[in-house]
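Please work from the sequences and hints to get the whole structure.
Here is how the chains run, residue by residue.
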Amino acid sequence: LAKTTQPISMDSYEGQEVNITCSHNNIATNDYITWYQQFPSQGPRFIIQGYKTKVTNEVASLFIPADRKSSTLSLPRVSLSDTAVYYCLVGEPFPNTGNQFYFGTGTSLTVIP
Amino acid sequence: DVKVTQSSRYLVKRTGEKVFLECVQDMDHENMFWYRQDPGLGLRLIYFSYDVKMKEKGDIPEGYSVSREKKERFSLILESASTNQTSMYLCASSLYFIAGPFRETQYFGPGTRLLVL
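Sequence lines, in order, name chains Z and G. So the first sequence is numbered by the working numbering: it starts at 1 and just counts up by one. So the second sequence is numbered by the working numbering: it starts at 114 and just counts up by one.
No lab work stands behind these hints: they were computed from the structure. None of the values given here were measured: they were computed from a predicted structure. It is possible that some hints are incorrect.
To be verified - Restraint ranges, calculated between C-beta atoms of paired labels, are given here:
(1) 143/G to 55/Z: 19 to 29 angstroms
(2) 53/Z to 128/G: 50 to 60 angstroms
(3) 21/Z to 182/G: 34 to 44 angstroms
(4) 141/G to 59/Z: 18 to 28 angstroms
(5) 128/G to 41/Z: 24 to 34 angstroms
(6) 14/Z to 152/G: 24 to 34 angstroms
(7) 128/G to 55/Z: 38 to 48 angstroms
(8) 167/G to 14/Z: 39 to 49 angstroms
(9) 5/Z to 174/G: 22 to 32 angstroms
(10) 176/G to 25/Z: 25 to 35 angstroms
(11) 76/Z to 196/G: 38 to 48 angstroms
To be verified - Partner residues are not named here, just some residues of chain G that face chain Z (Cβ under 10 angstroms, in silico):
(12) 117
(13) 158
(14) 204
(15) 219
(16) 220
C-beta atoms are modelled at their ideal positions from N, C-alpha and C, and glycine is treated no differently.
Take a look at the structure:
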């Protein structure tokens, strides 16, 4: 089962690049890796998704090594508004296949002025 | 924009009460999910539904049931609330399950914070 492990918390100064790593040693062949961001008093929202190598969008980059046992979310030049909890999700709950689906416990990122 | 709404932001109930949490989405999504979120445990899937009247258990279904009579509405039911069900409950929806590249984004509601006394 693809359980995930993330650091509990991280601090960063404004303007720095932040890298948050998620470990998922038992990831299955068909599993995708998705990252979500959650602000206080809100539900999580999608940031980025990938299967292998590197994916980049206007918000972040996602690096996935060849063995896919980990993934790293990279936030370029963070600002105070990036202070949030970041969740790594591996797999998806397909019907009739059992639950092969794990959200990490989340990494609380605090951006310092 | 996809909108997922939950019937209450805060709810206080007594032990033994039957509790209904309602979730509505306005984008004609096939899939709907219920999670609970607890400090240090992240998000844990309770139940999900991939079609009207269809449901499947997630990680922690014990003590909960669900109902999906209409496509846009997914209800979580606590048959007899207990103090260990005090938590933040999050509803989400996504378009459909696909076997090919990419997975559909889940869209979350704002959450219902439930306190069981």
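Hint by hint, here is what the structure shows:
Taken as a hint, the range 19 to 29 angstroms holds for the pair residue 143/G and residue 55/Z, whose Cβ atoms sit roughly 25 angstroms apart. Separation of residue 53/Z from residue 128/G is about 51 angstroms and conforms to the stated range, judged on CB atoms against 50 to 60 angstroms. The supplied range of 34 to 44 angstroms is met by residue 21/Z and residue 182/G, whose beta-carbon atoms lie about 43 angstroms from each other. Remark: the range hint 18 to 28 angstroms for residue 141/G to residue 59/Z is upheld by a beta-carbon distance near 26 angstroms.
Our hint of 24 to 34 angstroms for residue 128/G and residue 41/Z holds, since their Cβ atoms are close to 26 angstroms apart. In this structure, residue 14/Z and residue 152/G meet the distance hint of 24 to 34 angstroms, their C-beta atoms being roughly 27 angstroms apart. Residue 128/G and residue 55/Z have their C-beta atoms about 47 angstroms apart, which keeps the hinted 38 to 48 angstroms range intact. Distance hint check for residue 167/G and residue 14/Z: the Cβ-Cβ separation is about 47 angstroms, which falls inside the suggested range of 39 to 49 angstroms.
At roughly 24 angstroms, the beta carbons of residue 5/Z and residue 174/G sit within the given window of 22 to 32 angstroms. For the pair residue 176/G and residue 25/Z, the supplied restraint of 25 to 35 angstroms holds, since their beta-carbon distance comes to about 31 angstroms. Remark: the range hint 38 to 48 angstroms for residue 76/Z to residue 196/G is upheld by a beta-carbon distance near 44 angstroms. Taken as an interface hint, residue 117/G checks out: its beta carbon lies about 7 angstroms from the nearest beta carbon of chain Z, inside 10 angstroms.
Because the closest C-beta pair between residue 158/G and chain Z is about 6 angstroms apart, less than 10 angstroms, the hint holds. Taking 10 angstroms as the C-beta cut-off, the interface hint given for residue 204/G holds, the closest approach to chain Z being about 8 angstroms. The interface hint given for residue 219/G holds, since its Cβ lies 7 angstroms from the closest Cβ of chain Z, which is under the 10 angstroms cut-off. Restraint check, residue 220/G versus chain Z: the minimum CB separation of about 8 angstroms is within 10 angstroms; hint holds.
Going through the hint list in order, the structure satisfies each hint without exception.
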